[in-house]
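The task is simple: from the sequences and hints, build the whole structure.
In order, the protein sequences belong to chains F and S. Number 130 in numbering that gives the first Met the number 0 belongs to position 131 of the first sequence; there are no gaps in the numbering. Number 10 in numbering that gives the first Met the number 0 belongs to position 11 of the second sequence; there are no gaps in the numbering.
Calculated directly from the structure, the hints in this document are not laboratory data. One thing to keep in mind: the hints can contain errors.
Since the list gives no way to pick out one identical chain from another, each pair is judged satisfied if it fits inside one copy or across any two copies.
[Claimed, not checked] Distance condition first, Cα-Cα at most 25 angstroms in a straight line; then the derived DSS-like pairs of lysine-lysine:
1) LYS123 <-> LYS73
2) LYS19 <-> LYS130
3) LYS77 <-> LYS114
4) LYS30 <-> LYS19
None of the values given here were measured: they were computed from a predicted structure.
There are 2 protein chains.
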Amino acid sequence: MNESLHIENQLCFRLYQLNKSITKLYAPLLKEAGLTYPQYLVMLILWQNDQAQTIKEIGDILELNSGTLSPLLKRMEKLDLLKRARNCEDERSVLVTLTAHGKELKLKAKFIPAKLFMLTGLSKDELIHLKHDLDSLIDNIQQHV
Amino acid sequence: MNESLHIENQLCFRLYQLNKSITKLYAPLLKEAGLTYPQYLVMLILWQNDQAQTIKEIGDILELNSGTLSPLLKRMEKLDLLKRARNCEDERSVLVTLTAHGKELKLKAKFIPAKLFMLTGLSKDELIHLKHDLDSLIDNIQQHV
DNA sequence: GCAAACTATATTGTGCACAACTTAATTTCA
DNA sequence: TGAAATTAAGTTGTGCACAATATAGTTTGC
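Rendered as structure tokens:
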């Protein structure tokens with residue numbers, strides 16, 4: 000009997016489940032900071048670069064298009080996390096900058112990665128290896144997308 | 000300098016990206032069958048069990064709640080993939096069964112797992128190991144969710 | 001036997017994610 | 001230089017995903 004269609008055999012189903020589980024793991028930690036996971040990803044980018052980022056740059060890093068980012072950034076602006084303003088050098092683009100509140104939040108978020116790492120139950124070594132395996136899988140797949 | 004908040008260091012961001020890439024990889028194959036990825040997951044469950052499944056059973060396997068499944072199954076019923084009917088043994092539950100069209104689709108879908116596996120560029124051995132690593136990570140994480 | 005607790009599903013509201021399309025600004029090049 | 005192509009955002013419509021809540025059917029315990 001052909002078992003290739005059995006759901007429990009599928010790598011992709013594991014990744015789908017894992018992704019959902021991780022979102023749930025983040026939820027309580029991010030709730031303290033008043034963020035959702037995609038909002039947290041945007042904040043990571045803004046925290047690690049001092050300068051203003053264009054929406055295009057954020058989209059390139061997160062691989063999200065404007066249909067996702069436009070409303071996401073609007074909600075974040077409403078939460079006083081960031082400001083959006085047309086770039087006067089090129090009026091097509093919009094520059095995103097952190098507000099004082101947005102910058103402040105970095106102090107709270109600082110401990111999230113370590114807490115998450117602990118919850119995974121992985122060793123440093125296992126983490127490094129898994130990251131590496133996923134990186135090469137991502138590379139392989141991106142070639143075909 | 001503390002780099003724990005750097006996005007490229009994060010396992011979770013990789014999983015998030017990988018999940019999106021995989022969905023895009025599936026898209027053209029599933030489009031031929033007229034399915035989305037979550038719809039395909041429901042079909043996998045129905046294909047591998049001959050009997051009718053309750054929504055509860057499907058939700059337990061996919062870890063999806065009724066807020067997701069109710070509209071998802073309604074769309075699938077409209078596509079003539081399945082039928083929903085109250086269980087006369089216990090009127091609280093709804094039994095889901097494949098239509099002729101839904102059963103037929105299995106023949107088309109049969110080749111999807113092999114095609115996907117090819118696109119990942121993994122060896123059989125790498126696949127087995129990665130599945131194993133992800134399984135134990137899922138187990139660890141589920142304990143904390 | 002019947003009220004309280006429980007169970008299964010549905011509904012509502014919020015937030016992604018993306019394809020397809022629109023608008024406006026900038027660049028290219030004939 | 002000015003029309004055509006390109007680029008950056010925004011908009012619209014569809015489809016998940018889930019928390020919170022509502023509803024209806026079933027079971028339990030006194």
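For this session: Using 25 angstroms as the alpha carbon limit, work out where LYS123 and LYS73 are close: within a copy, between copies, both or neither.
Result: neither (37 angstroms within a copy, 45 angstroms between copies)
For this session: Give the relationship of LYS30 and LYS19 under a CA distance limit of 25 angstroms: within one copy only, between copies only, both, or neither.
Result: Intra 16 angstroms, inter 24 angstroms, cutoff 25 angstroms: intra and inter.
Exercise. From the Cα coordinates, with 25 angstroms as the cut-off, is the pair LYS19 and LYS130 best called within, between, both, or neither?
Worked result: Classified as both; 18 angstroms inside a copy, 17 angstroms across copies.
Exercise. When no copy is specified for LYS77 and LYS114, does a C-alpha distance of 25 angstroms or less occur within a copy, between copies, both, or neither?
Worked result: This pair counts as neither: shortest intra-copy Cα distance 28 angstroms, inter-copy 44 angstroms.
Hints 1 and 3 from the earlier list are contradicted by this structure; the remaining hints agree with it.
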